[in-house]
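Enquirer: Here is what each chain is made of, one letter per residue.
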Amino acid sequence: MTATTPREATAPAKSTRGFLRDNALSLFFGLLFLLALGGQAAAGWADLNNRLHTDGFPPMPFGRYMTSADFAVDVAENWQSEYLQFFLYIVATIYLIQRGSSESKDPGKEGRESDEEQLIGAYAKPGSPAWARIGGWRTALYSRSLGLVMGILFLLSWLAQSIAGRAAFNADQLRQREDPVSWLSYVSSADFWNRSLQNWQSELLAVASMAILAIYLRERGSPESKPVGAPHDATGSES
Amino acid sequence: MSNRLLAVPLCALALCAVTLSGCGAARGPQDAAVVAATHFAAAVSQHDGAAACGLLGEAPRTELEKSAGKPCAQAITGEDLPGLGRIAKVETWGEQAQVRGSSDTVFLSHLTGHWLVMAAGCTPRPGDPYDCIVTGG
Numbered sequence: 001m002t003a004t005t006p007r008e009a010t011a012p013a014k015s016t017r018g019f020l021r022d023n024a025l026s027l028f029f030g031l032l033f034l035l036a037l038g039g040q041a042a043a044g045w046a047d048l049n050n051r052l053h054t055d056g057f058p059p060m061p062f063g064r065y066m067t068s069a070d071f072a073v074d075v076a077e078n079w080q081s082e083y084l085q086f087f088l089y090i091v092a093t094i095y096l097i098q099r100g101s102s103e104s105k106d107p108g109k110e111g112r113e114s115d116e117e118q119l120i121g122a123y124a125k126p127g128s129p130a131w132a133r134i135g136g137w138r139t140a141l142y143s144r145s146l147g148l149v150m151g152i153l154f155l156l157s158w159l160a161q162s163i164a165g166r167a168a169f170n171a172d173q174l175r176q177r178e179d180p181v182s183w184l185s186y187v188s189s190a191d192f193w194n195r196s197l198q199n200w201q202s203e204l205l206a207v208a209s210m211a212i213l214a215i216y217l218r219e220r221g222s223p224e225s226k227p228v229g230a231p232h233d234a235t236g237s238e239s
Numbered sequence: 001m002s003n004r005l006l007a008v009p010l011c012a013l014a015l016c017a018v019t020l021s022g023c024g025a026a027r028g029p030q031d032a033a034v035v036a037a038t039h040f041a042a043a044v045s046q047h048d049g050a051a052a053c054g055l056l057g058e059a060p061r062t063e064l065e066k067s068a069g070k071p072c073a074q075a076i077t078g079e080d081l082p083g084l085g086r087i088a089k090v091e092t093w094g095e096q097a098q099v100r101g102s103s104d105t106v107f108l109s110h111l112t113g114h115w116l117v118m119a120a121g122c123t124p125r126p127g128d129p130y131d132c133i134v135t136g137g
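Respectively, the protein sequence lines represent chains A and B.
In this text, residue positions in the first sequence follow our numbering: the first is 1, and each later residue adds one.
In this text, residue positions in the second sequence follow our numbering: the first is 1, and each later residue adds one.
Heads up, some of the hints might be wrong.
[To be verified] The calculated SDA-like cross-link candidates involving lysine to any residue, where the alpha carbons are at most 25 Å apart (straight line), are:
| # | chain 1 | residue 1 | chain 2 | residue 2 |
| --- | --- | --- | --- | --- |
| 1 | B | Lys66 | A | Pro59 |
| 2 | B | Lys66 | A | Leu52 |
| 3 | B | Lys70 | A | Pro58 |
[Unchecked claim] The following label-pair restraints were derived from C-beta to C-beta distances:
| # | chain 1 | residue 1 | chain 2 | residue 2 | range |
| --- | --- | --- | --- | --- | --- |
| 4 | A | Arg138 | B | Asp31 | 48 to 54 Å |
| 5 | B | His47 | A | Asn194 | 43 to 49 Å |
| 6 | B | Ser103 | A | Ser189 | 27 to 33 Å |
| 7 | B | Gly28 | A | Ala36 | 32 to 38 Å |
| 8 | A | Asp191 | B | Asp80 | 31 to 37 Å |
| 9 | A | Leu197 | B | Gly113 | 35 to 41 Å |
| 10 | A | Gln198 | B | Thr123 | 34 to 40 Å |
| 11 | B | Thr123 | A | Asp191 | 22 to 28 Å |
| 12 | A | Trp183 | B | Gln74 | 42 to 48 Å |
| 13 | A | Leu197 | B | Thr62 | 39 to 45 Å |
| 14 | A | Ser189 | B | Gly113 | 29 to 35 Å |
| 15 | B | Gly113 | A | Gln198 | 33 to 39 Å |
To be clear, the hints were calculated from the coordinates, so they are not data collected in a lab.
For clarity, every value in this text was computed on a predicted model and none was experimentally measured.
Here a beta-carbon is modelled for each residue, glycine too, at the ideal position from N, C-alpha and C.
Please construct the entire structure, taking both the sequences and the accompanying hints into account.
Expert: The following block contains the structure:
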């Protein structure tokens, strides 16, 4: 048996604390996500059982609700709108600016910017990712990877919404003694577009509000805000 | 959170959605729904009221007894229910099923581990729910 020095004993604790501090933002939102998802599951289950009771059907067990199309479509319709929001924001802010907003880049910098500004190819730094340095299709792909992945996640979650939405819609149709519909009929239905657009409008409103409110309002210490003393017309790095 | 980490639950959701969709409408539930609908139709045609009512959901059974003023087993055999005929199409979505025969359409629900008839003797009405002889309301 070897004696443990105080330094060795405290090292893992320090390492854990370091990990928590370095990833606090992701862990905080990850935890809130799980809590909100659990809350949505409980509320959605109660809501579905209320509707089943009204229609003369017995309640659905919680475990079955968690694997049901009703739960899946409610989750997916919100996910797709979030990924659409980030995809549009990432791509739109390449070409469009909002003078005075900390969410915008500087006026005159609209577009993809030069290799020097983007630190790619010959301008890559020692710590730059390999695909930023290598050039060719890999650098071109890596230069668009964030928007691309957000766009793909949006399309995947929207597809999931359409598939789960159709299944939930058809179960409801059968409960109401009506015929089920095809996938094509469903994606042109009021149910599908109501679910999609009600989420899109709220996300777009939130982005527009943030871009405009960030011109005039401040949140001390937040990287999402300009410094408190920055002028209203200071945009992006100008602040 | 990295994009890779985000993609994992999303792909799981997409797979789950596919499983829950028509692609996931396995033969097992469809066959079981057809068996229940066929047994129900056979029981009615053979005037076996007890057997037919055993395959009827609670809501249509209550509605039938209320409207006929008789116990279910007597009331069901008095209804003018057509036989299913040749099975033309079966669809199952979640806990619900529709069995279309050449002479009748039957709606079923998967309740307490069994498929039970929720509506029978149903004729389509374009743009409206089916008009059913036996239904839960």
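Enquirer: Hint by hint, say whether it matches the structure.
Expert: Hints versus structure:
no. : hint                               : in the structure
1   : B:Lys66 with A:Pro59               : 23 Å, holds
2   : B:Lys66 with A:Leu52               : 21 Å, holds
3   : B:Lys70 with A:Pro58               : 24 Å, holds
4   : A:Arg138 with B:Asp31: 48 to 54 Å  : 52 Å, holds
5   : B:His47 with A:Asn194: 43 to 49 Å  : 48 Å, holds
6   : B:Ser103 with A:Ser189: 27 to 33 Å : 30 Å, holds
7   : B:Gly28 with A:Ala36: 32 to 38 Å   : 35 Å, holds
8   : A:Asp191 with B:Asp80: 31 to 37 Å  : 35 Å, holds
9   : A:Leu197 with B:Gly113: 35 to 41 Å : 40 Å, holds
10  : A:Gln198 with B:Thr123: 34 to 40 Å : 36 Å, holds
11  : B:Thr123 with A:Asp191: 22 to 28 Å : 25 Å, holds
12  : A:Trp183 with B:Gln74: 42 to 48 Å  : 45 Å, holds
13  : A:Leu197 with B:Thr62: 39 to 45 Å  : 40 Å, holds
14  : A:Ser189 with B:Gly113: 29 to 35 Å : 32 Å, holds
15  : B:Gly113 with A:Gln198: 33 to 39 Å : 37 Å, holds
The structure agrees with every numbered hint stated previously.
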